[in-house]
Amino acid sequence: MKTLDPIHVGIILGLFFGSLHLIWSVFVAIGLAGWWLDFVTSVHFLSNPFTLQVFDPVRALTLIVVTTVVGFVYGYLFAFIWNKVHKMVK
Numbered sequence: 411m412k413t414l415d416p417i418h419v420g421i422i423l424g425l426f427f428g429s430l431h432l433i434w435s436v437f438v439a440i441g442l443a444g445w446w447l448d449f450v451t452s453v454h455f456l457s458n459p460f461t462l463q464v465f466d467p468v469r470a471l472t473l474i475v476v477t478t479v480v481g482f483v484y485g486y487l488f489a490f491i492w493n494k495v496h497k498m499v500k
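Numbering-wise (this note's numbering), the sequence shown opens with residue 411 and increments by one.
The hints are simulated quantities; they were obtained by calculation from the structure and are not laboratory data.
Backbone N, C-alpha and C fix where the C-beta goes; we use that ideal spot for every residue, glycine too.
Check each hint, because a few of them may be wrong.
[As the list claims (entries may be wrong)] No farther apart than 20 Å at their CA atoms in a straight line, the calculated lysine to any residue pairs in the SDA-like style are these:
hint	residue 1	residue 2
1	Lys412	Met498
2	Lys497	Val419
3	Lys412	Leu473
4	Lys412	Ile474
5	Lys497	Val479
6	Lys497	Asp415
7	Lys412	Trp492
8	Lys412	Gly428
9	Lys412	Phe490
10	Lys494	Leu430
11	Lys500	Ser435
12	Lys497	Leu487
13	Lys412	Phe488
14	Lys500	Thr413
15	Lys500	Trp445
16	Lys494	Ile440
17	Lys500	Phe488
18	Lys412	Val475
[To be verified] Ranges of calculated distance between the beta carbons of each label pair, as one might list FRET restraints:
hint	residue 1	residue 2	range
19	Arg469	Asp448	19 to 27 Å
20	Val475	Val495	26 to 34 Å
21	Gly441	Trp492	39 to 47 Å
22	Met498	Gly444	25 to 33 Å
23	Asn458	Leu425	22 to 30 Å
24	Val453	Leu425	20 to 28 Å
25	Trp446	Val476	16 to 24 Å
26	Met498	Ile421	22 to 30 Å
Start from the sequences, fold in the hints, and give me the full structure.
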């Protein structure tokens, strides 16, 4: 198995997490988030207990930045652990 570059994996996972939350923020801004929540909960045989708040660009940017950073940290840690296990198995 190959070793992973923790920085690259962190960037990829960070961009993935951040882009999902960017899409969510756009859905909230254009009014599709309620429909999406209703759809997702109904296909899981649940009712939607959530109430959406008014879109706030500062809160949306905070959400995107925080999830991007968290995704980077998760990706970095995953690659770091992967490489340590890879060395032990070799």
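Okay, which hints does this one fail, numbers in order?
3, 4, 5, 8, 10, 11, 15, 16, 18 and 22
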